[in-house]
Structure formats: C-alpha cells, structure tokens
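Engineer: Just so you know, the sequences run in chain order A and B. For the first sequence, the positions run 1 to 90 when this note's numbering is used. For the second sequence, the positions run 1 to 315 when this note's numbering is used.
No lab work stands behind these hints, which were simulated from the structure alone. You may find that some hints are simply not true.
Stated by the list, open to error - To give a feel for the contact side, a few chain A residues facing chain B, derived at Cβ under 8 Å: (1) Arg66; (2) Phe67; (3) Leu71; (4) Thr82.
What the hints assert, rightly or not - Chain B is nowhere near these chain A residues, computed Cβ spacing over 10 Å in every case: (5) Thr9; (6) Thr27; (7) Asp29; (8) Leu38; (9) Asn57; (10) Asp64; (11) Gly78.
To be verified - Pairwise CB distance ranges (calculated): (12) Met1/B with Ala18/A: 55 to 63 Å; (13) Arg12/A with Tyr298/B: 53 to 61 Å; (14) Arg106/B with Ala26/A: 31 to 39 Å; (15) Ile219/B with Gly17/A: 23 to 31 Å; (16) Pro74/A with Thr65/B: 33 to 41 Å; (17) Thr80/A with Arg191/B: 50 to 58 Å; (18) Thr15/A with Pro19/B: 28 to 36 Å; (19) Arg191/B with Arg54/A: 41 to 49 Å; (20) Ala237/B with Gly17/A: 18 to 26 Å; (21) Glu52/B with Ala26/A: 47 to 55 Å; (22) Ala2/A with Arg191/B: 40 to 48 Å; (23) Gly86/B with Pro74/A: 40 to 48 Å.
Cβ atoms here follow ideal geometry from the backbone N, Cα and C, with glycine treated the same way.
Each chain, letter by letter, is given below.
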Amino acid sequence: MAIEVRIPTILRTYTAGAKAVDAEGATLDELISNLESLHPGIKDRLVDQGNLRRFVNVYLNDEDVRFLGGLGTPVSDGDTVTVLPAVAGG
Amino acid sequence: MRFESLIDSVGRTPLVGLPRLSPSAEVRLWAKLEDRNPTGSIKDRPALWMVEQAEKDGLLTPGCTILEPTSGNTGISLAMSAKLKGYKLICVMPENTSEERRQLLRMWGAEIISSAAAGGSNEAVRVAKELAAEHPDWVMLYQYGNPANWRSHYESTGPEILEDLPTVTHFVAGLGTTGTLMGVGRFLRERVPGVRIVAAEPRYGELVYGLRNVDEGFIPELYDESVLTTRFSVGSADALRRTRELLAAEGIFAGVSTGAALHAALGVAAKAVKAGESADVVFVVADGGWKYLSTGAYEGTLDEAEHRLEGQLWA
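Bound conformation, chain A alone (with noise of 0.2 Å):
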C-alpha cells in the first residue's frame, strides 16, 4: 500500500500528465521529498523554505493540513493527500 497524491492540472508536467500517483513517507514533509526523488521539481512547487508555498493547499483525507501540522502531519498507508492552489470562492 502506499499514499495516493492527487496532483491539479497545474502541476501535471512534473508527474507526465498523471492526475494522481503514489507515494511514500511518514509525514507529509517525507512524503514530499519521497514524491520529489520520483517526480524532480515538484517539491520547488510545493515548498518554500519550509512551509508549504502561500498559494498551495493541500488535505489529507479532506482535511487541510494546516490545521493538523503543517509539514509534520502524520501519513500512513491508504490515506489520500490532495494538492490545489488557492482560488477565489464566493
């Protein structure tokens, strides 16, 4: 089993076109540098020195992960870990 990363459109020329791929890690920071080791360039994408990037949110299971560790948050096997940039509602 591993973790399945949902990746938005936007991203996608890191990841050849693949809507969602797997991934591996203990924490979200892990699992990114797990995702940059198979897709090169994305972590850039994600990440800026340290926090995730203003414009980018990402949920694991639903749930935005600045509100459970940030980078820290705990992953395991099964869960889904969803990437979107930030855009106007309302």
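Knowing the structure of chain A, use the given hints to seat chain B on it.
Structural biologist: Frame of chain A; chain B shown alone:
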C-alpha cells in the same frame, strides 16, 4: 413581523433542528436558514452592510455606479439594494455560473460583464480590479477584502445564533469570501469557550483550478486562519449527495454549497459521537435550491448530476 421596507427585513432567519439527520439526542444538527433573506441568500447581510458603510464613508452618493466581482449571490443582493437606493450596479461574473443567477441579476437591473470560466472567481476578481482602475468613478465594494462583509456576520448572524442556541459548540459554513466564518467565528470565539469554527471549502472541477502557475492563486484579504478550528475540502459528489439527503430527510430544499457545509457538519458530529461528547452543531444554509435547478443537481442519479456540475461554480 413588520418592517418599514424590504431592506429592513434582512436577517433574523430561523434556526431549525434536524431531528432525522442528527446522530443522537446529545449530538444535534441545526440549520440556519439564510435562504429566508429578502433575495434568498446569506449575501443580503454583507451586501447591505457594505453599501451602508460606503454611504457612511461618503464613497457612495446618489447616482453612483457600484462594481463587484461575484459568482452570483452577492451580486443579486447588491442589485436589490442598489435598485432601492438608486445606484447602478455592474457585476463581473464568471461565465460558468448558472443561468438563473444571470436572469435574476438582469431582473433587478444589474449589468453583467462575463469573465472567462477558466480560473473561476479568480478571473472575475482580476477583471473587476482592472475595470476599477480604468473607471475611478465606479465604487468597487470588493467583498473579498471589505471588513463590512465579516462585520455583518459579527453583528447579525453570530448574535442570532447565540441567542437562539446558547449551547452551540460548532459552527460550520462554506468558505468563499470567508466573511461568514470570520464574522460568526470571531463573535462566537469571544463568547463561547472552546467553540469550534469549521470551514467547508467547495472543491470544483479542474477547469476552475486552471491557473497558469501556483503564484496566481488567491486568498481573500479577509481570511484569518487563526479564526478557524479546521477546514475541509468537499467535492461536488459529497456536496450533491448531502444536498439531496437534506431534502429527503428534513424537507429542506437548499443550494449545492449547503450540501458541502452539511457534509462537514456531519463529519464533526460523527467525531463528537465517537468521542462521547455532546454537541450542538450549527451549519449555514446559504441559499435555496431554486437557482440551481437548471444545473440538474436534483435530477437523475448522483453520477449524472456530478457530471453535469463539472466545471460549474456551484457555491
């Protein structure tokens, strides 16, 4: 209830219990029926507050033109206020919004400028900002950054909820401009120790996230993360399913964004049950389902409805 005019009747909406969807006698769900406002949505509150604040500040004077980026409800509310108060209204609206919203806006006398579907409301905001710079005489109230937006909920929605339900433990609402959550959230946090403020953010089809790069993202100026306890992303399938459940179980005919709020509300309610806590969970019915009939949200199978909503802004 008697009011001097339609505008005076904004707010004081019912809070109704959901005996069938509540998980237990100790963990109860309550719906704040904001569709009972004069133009049928919660946006009547911020629209009125923003207009009256601009009048107080001397920005709006008789005959002025108001400009606003909106996916619909705020525009409809502003159109009603503008009509009664003698202003002209121009709305910048993404083209992937329902036909009903356009008809309603035109009916109340507003002019619509369409912005491209790709990029959703981001694009509407961008276009409106450009227009505002080109037309310095137009007044952009700008719901995403206007403090009168959240203050309307701090001064009306929040107090109404606390008055009707002093035992409130959770408040759940859709996240758009963030005004509802910021205003009600701040009000309740000041008065209800331990209250949880939960955001349900609509997750749309890919078209809406079709930005050119992540740096083009948008966070409303009103957003203050510290007001929230947590934030859930709710996809259109869950939102549609819950919208239909609300209708089937409790008889409430609500718009699709309400389904997203209900989904998050049921999630926190289930957590409370699991933890053995009692809870009174209030969630917002932002509008009724009328404006979404043409989207097919209420007909056919859920899969069909989800397919039809793909690429539409449903909140």
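Engineer: Hints first: check each against the structure and report whether it holds.
Structural biologist: So, going through the hints one by one against the coordinates:
| no. | hint | result |
| --- | --- | --- |
| 1 | Arg66 | 7 Å, holds |
| 2 | Phe67 | 4 Å, holds |
| 3 | Leu71 | 15 Å, violated |
| 4 | Thr82 | 7 Å, holds |
| 5 | Thr9 | 5 Å, violated |
| 6 | Thr27 | 18 Å, holds |
| 7 | Asp29 | 18 Å, holds |
| 8 | Leu38 | 19 Å, holds |
| 9 | Asn57 | 8 Å, violated |
| 10 | Asp64 | 4 Å, violated |
| 11 | Gly78 | 18 Å, holds |
| 12 | Met1/B with Ala18/A: 55 to 63 Å | 57 Å, holds |
| 13 | Arg12/A with Tyr298/B: 53 to 61 Å | 33 Å, violated |
| 14 | Arg106/B with Ala26/A: 31 to 39 Å | 55 Å, violated |
| 15 | Ile219/B with Gly17/A: 23 to 31 Å | 28 Å, holds |
| 16 | Pro74/A with Thr65/B: 33 to 41 Å | 53 Å, violated |
| 17 | Thr80/A with Arg191/B: 50 to 58 Å | 37 Å, violated |
| 18 | Thr15/A with Pro19/B: 28 to 36 Å | 47 Å, violated |
| 19 | Arg191/B with Arg54/A: 41 to 49 Å | 32 Å, violated |
| 20 | Ala237/B with Gly17/A: 18 to 26 Å | 23 Å, holds |
| 21 | Glu52/B with Ala26/A: 47 to 55 Å | 53 Å, holds |
| 22 | Ala2/A with Arg191/B: 40 to 48 Å | 45 Å, holds |
| 23 | Gly86/B with Pro74/A: 40 to 48 Å | 58 Å, violated |
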